[in-house]
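Asks: The listed protein sequences correspond, in order, to chains R and G.
Terminal number for the first sequence in numbering that gives the first Met the number 0: 208, no gaps in between.
Terminal number for the second sequence in numbering that gives the first Met the number 0: 300, no gaps in between.
Take the hints with a grain of salt, since some may be wrong.
The calculated EDC-like cross-link candidates involving lysine to aspartate or glutamate, where the alpha carbons are at most 20 Å apart (straight line), are [stated by the list, open to error]:
hint, chain 1, residue 1, chain 2, residue 2
1, R, LYS199, G, ASP293
2, R, LYS199, R, GLU82
3, R, LYS199, G, GLU288
4, R, LYS199, G, GLU282
5, G, LYS232, G, GLU91
6, G, LYS232, G, GLU82
7, G, LYS290, R, GLU203
8, G, LYS257, G, GLU91
9, R, LYS199, G, GLU286
10, G, LYS155, R, ASP52
11, G, LYS290, R, GLU82
Everything labelled a hint here was simulated from the structure, so no lab data went into it.
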Amino acid sequence: MRQPPGTLARYTTAARINHWVTAACLILLALSGMALFHPSLFFLTALFGGGADTRAIHPWFGSVLLVSFALLFVRFVRHNLWERDDTRWMVAIRSVLANDEEHAPEVGRYNAGQKLVFWGMTVLILVLFASGLVIWDTYFFGATTIAQKRIAQLAHSLAAVAIIGVWIVHVYAALWVRGTVPAMTRGVVSAGWSWRHHRKWLRESAQRR
Amino acid sequence: MADFQSLDIRRRSASTEVPPNIREATQIAKLIDVSRCIGCKACQAACMEWNDLREEEVGSFNGSYDNPADLSPATWTLMRFTEWEDPQGNLEWLIRKDGCMHCGDPGCLKACPSPGAIVQYQNGIVDFISENCIGCGYCIKGCPFNIPRLSQADQKVYKCTLCSDRVAVGQEPACAKACPTGAIAFGTKHDMTEWAGERIEDLKSRGFDQAGLYDPPGVGGTHVMYVLHHADKPSIYAGLPNDPHISRLVQAWKGVMKPIAMAGLAFTAVVGFVHWMVAGPNEVHPEDEAKGRDVLDRQDT
Ligand code: SF4
Numbered sequence: 000m001r002q003p004p005g006t007l008a009r010y011t012t013a014a015r016i017n018h019w020v021t022a023a024c025l026i027l028l029a030l031s032g033m034a035l036f037h038p039s040l041f042f043l044t045a046l047f048g049g050g051a052d053t054r055a056i057h058p059w060f061g062s063v064l065l066v067s068f069a070l071l072f073v074r075f076v077r078h079n080l081w082e083r084d085d086t087r088w089m090v091a092i093r094s095v096l097a098n099d100e101e102h103a104p105e106v107g108r109y110n111a112g113q114k115l116v117f118w119g120m121t122v123l124i125l126v127l128f129a130s131g132l133v134i135w136d137t138y139f140f141g142a143t144t145i146a147q148k149r150i151a152q153l154a155h156s157l158a159a160v161a162i163i164g165v166w167i168v169h170v171y172a173a174l175w176v177r178g179t180v181p182a183m184t185r186g187v188v189s190a191g192w193s194w195r196h197h198r199k200w201l202r203e204s205a206q207r208r
Numbered sequence: 000m001a002d003f004q005s006l007d008i009r010r011r012s013a014s015t016e017v018p019p020n021i022r023e024a025t026q027i028a029k030l031i032d033v034s035r036c037i038g039c040k041a042c043q044a045a046c047m048e049w050n051d052l053r054e055e056e057v058g059s060f061n062g063s064y065d066n067p068a069d070l071s072p073a074t075w076t077l078m079r080f081t082e083w084e085d086p087q088g089n090l091e092w093l094i095r096k097d098g099c100m101h102c103g104d105p106g107c108l109k110a111c112p113s114p115g116a117i118v119q120y121q122n123g124i125v126d127f128i129s130e131n132c133i134g135c136g137y138c139i140k141g142c143p144f145n146i147p148r149l150s151q152a153d154q155k156v157y158k159c160t161l162c163s164d165r166v167a168v169g170q171e172p173a174c175a176k177a178c179p180t181g182a183i184a185f186g187t188k189h190d191m192t193e194w195a196g197e198r199i200e201d202l203k204s205r206g207f208d209q210a211g212l213y214d215p216p217g218v219g220g221t222h223v224m225y226v227l228h229h230a231d232k233p234s235i236y237a238g239l240p241n242d243p244h245i246s247r248l249v250q251a252w253k254g255v256m257k258p259i260a261m262a263g264l265a266f267t268a269v270v271g272f273v274h275w276m277v278a279g280p281n282e283v284h285p286e287d288e289a290k291g292r293d294v295l296d297r298q299d300t
């Protein structure tokens with residue numbers, strides 16, 4: 000890929016599209032799901048054409064998300080395997096949060112926080128999809144008992160709240176760590192960003208050039 | 000007949016406003032005396048007639064008098080037949096008219112996410128306002144009696160209205176009107192409880208010493224009550240719950256979880272904001288840029 004000097008390619012066009020499809024689904028799911036979770040947020044159903052349409056479309060957003068996230072998973076899983084340094088990085092999280100990464104181990108393509116977001120999303124999406132199917136009454140009402148649906152309903156809402164929390168962390172981290180957003184919009188990051196946050200990855204990428 | 004016309008609302012699903020409640024309305028109740036029911040299904044037919052409901056398909060015989068086999072969007076009340084052997088080995092044919100119990104504390108209403116899709120009137124009737132129903136089926140999970148049914152025709156949920164339309168104009172429910180044996184009585188909850196007392200006394204004098212009234216406190220009492228000859232074991236009447244209450248899972252989901260979840264998410268966002276105020280953005284410094292380019296250039300040469 001051609002790119003400005005002093006920058007590194009971080010995400011391919013396909014990966015970025017994949018990411019934003021997933022992101023759009025997750026946001027639409029959160030809005031439509033919250034609308035049905037808390038009465039004070041029911042007004043959000045207006046975004047989707049009213050309550051019945053919100054109820055009808057929510058699981059379809061979820062189905063697209065599952066496929067889209069599965070592709071992301073396949074793309075990124077090998078970079079997200081937990082390593083010994085990740086544990087040491089987590090121990091040094093305080094200095095990282097204080098914008099001082101020199102006291103934490105050097106980071107490869109992803110740091111431990113990013114890996115936790117990755118695995119958190121993976122597990123929660125699986126829980127959400129499985130429990131979502133159980134309460135997708137339009138098509139699958141007869142497949143499970145009401146007792147099972149009650150469990151699924153609670154699990155679904157707990158997992159949804161958890162994933163929105165993970166999402167807040169994900170978005171905040173991207174905004175807080177300057178220079179991160181272009182990785183997902185234009186696909187490139189600066190050499191300085193890579194040196195500061197993903198030094199091992201920078202060296203490896205440089206070698207591969 | 001007393002004035003039951005009040006259609007003031009006591010509770011409204013998914014709504015935070017307090018409904019008007021300076022007036023005390025008379026509490027109504029329907030009393031189903033199981034011991035007087037002959038299983039003729041006149042009530043069932045009257046219900047279909049009044050509410051203009053027809054089953055789409057003719058069902059198939061399943062070895063019992065239950066017809067159709069289950070409640071449905073078009074069957075709001077159903078006679079359930081049980082052949083029960085008492086401890087002495089005598090056969091008893093138990094017939095229970097199943098349908099919405101109109102709970103004092105309705106699980107369906109608690110679970111419903113759509114404002115005003117389920118209301119409880121001041122007189123105790125729990126009614127589905129179908130145009131507000133979004134078809135999510137939450138009420139089905141909230142109901143301790145397994146009553147509401149989701150229609151495949153319009154993705155809305157239906158159940159007995161206790162003929163709220165008839166009651167509002169001083170009529171008794173269609174089923175009560177049609178019953179030829181007087182097994183279904185309708186009036187104030189107070190009167191019905193008293194009448195049940197007389198019936199129970201009579202049953203006891205005839206050897207049913209466990210006769211009693213089914214008005215389960217676990218759901219705040221009900222506005223449809225049964226006189227049972229074996230009130231010590233309601234479950235023998237085609238699975239009538241012995242001690243119904245709203246499932247703990249539903250209570251957690253619709254109770255503590257809502258504020259805790261909202262507060263938790265708000266807290267997470269606030270923590271982010273505070274971190275931004277304290278630590279500030281994590282900027283790439285010129286030194287980083289120099290060192291980074293260094294690494295890149297070393298490889299390029
Ligand atoms: S199906 Fe209708 S009545 Fe039942 S909980 Fe959902 S919106 Fe409320």
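Asks: Given the hint that LYS257 (chain G) pairs with GLU91 (chain G), does the C-alpha gap stay at or below 20 Å?
Replies: violated (47 Å)
Asks: Is the straight-line distance between the alpha-carbon of LYS290 (chain G) and that of GLU203 (chain R) 20 Å or less?
Replies: Holds: LYS290 (chain G) and GLU203 (chain R) sit about 15 Å apart, inside 20 Å.
Asks: For LYS155 (chain G) and ASP52 (chain R), compute the direct alpha-carbon distance and say whether it is at most 20 Å.
Replies: holds (12 Å)
Asks: Between LYS199 (chain R) and GLU282 (chain G), is the straight-line Cα distance small enough, at 20 Å or below?
Replies: Roughly 19 Å separates the two Cα atoms, so the pair holds.
Asks: Holds or violated: LYS199 (chain R) and GLU286 (chain G), Cα atoms, limit 20 Å.
Replies: holds (17 Å)
Asks: Do the alpha carbons of LYS199 (chain R) and ASP293 (chain G) lie within 20 Å of each other, as the hint requires?
Replies: holds (14 Å)
Asks: If you draw a straight line from the CA of LYS232 (chain G) to the CA of GLU91 (chain G), is it 20 Å or shorter?
Replies: holds (14 Å)
Asks: Holds or violated: LYS199 (chain R) and GLU288 (chain G), Cα atoms, limit 20 Å.
Replies: Between LYS199 (chain R) and GLU288 (chain G) the Cα gap is close to 15 Å, so the pair holds against 20 Å.
Asks: Are LYS290 (chain G) and GLU82 (chain R) close enough, with their CA atoms no more than 20 Å apart?
Replies: Between LYS290 (chain G) and GLU82 (chain R) the Cα gap is close to 26 Å, so the pair fails against 20 Å, i.e. violated.
Asks: Take a quick look at whether LYS232 (chain G) and GLU82 (chain G) sit within 20 Å of each other, Cα to Cα.
Replies: holds (14 Å)
Asks: Is LYS199 (chain R) close enough to GLU82 (chain R), meaning Cα to Cα at most 20 Å?
Replies: Distance of about 13 Å is within 20 Å: holds.
Hints 8 and 11 from the earlier list are contradicted by this structure; the remaining hints agree with it.
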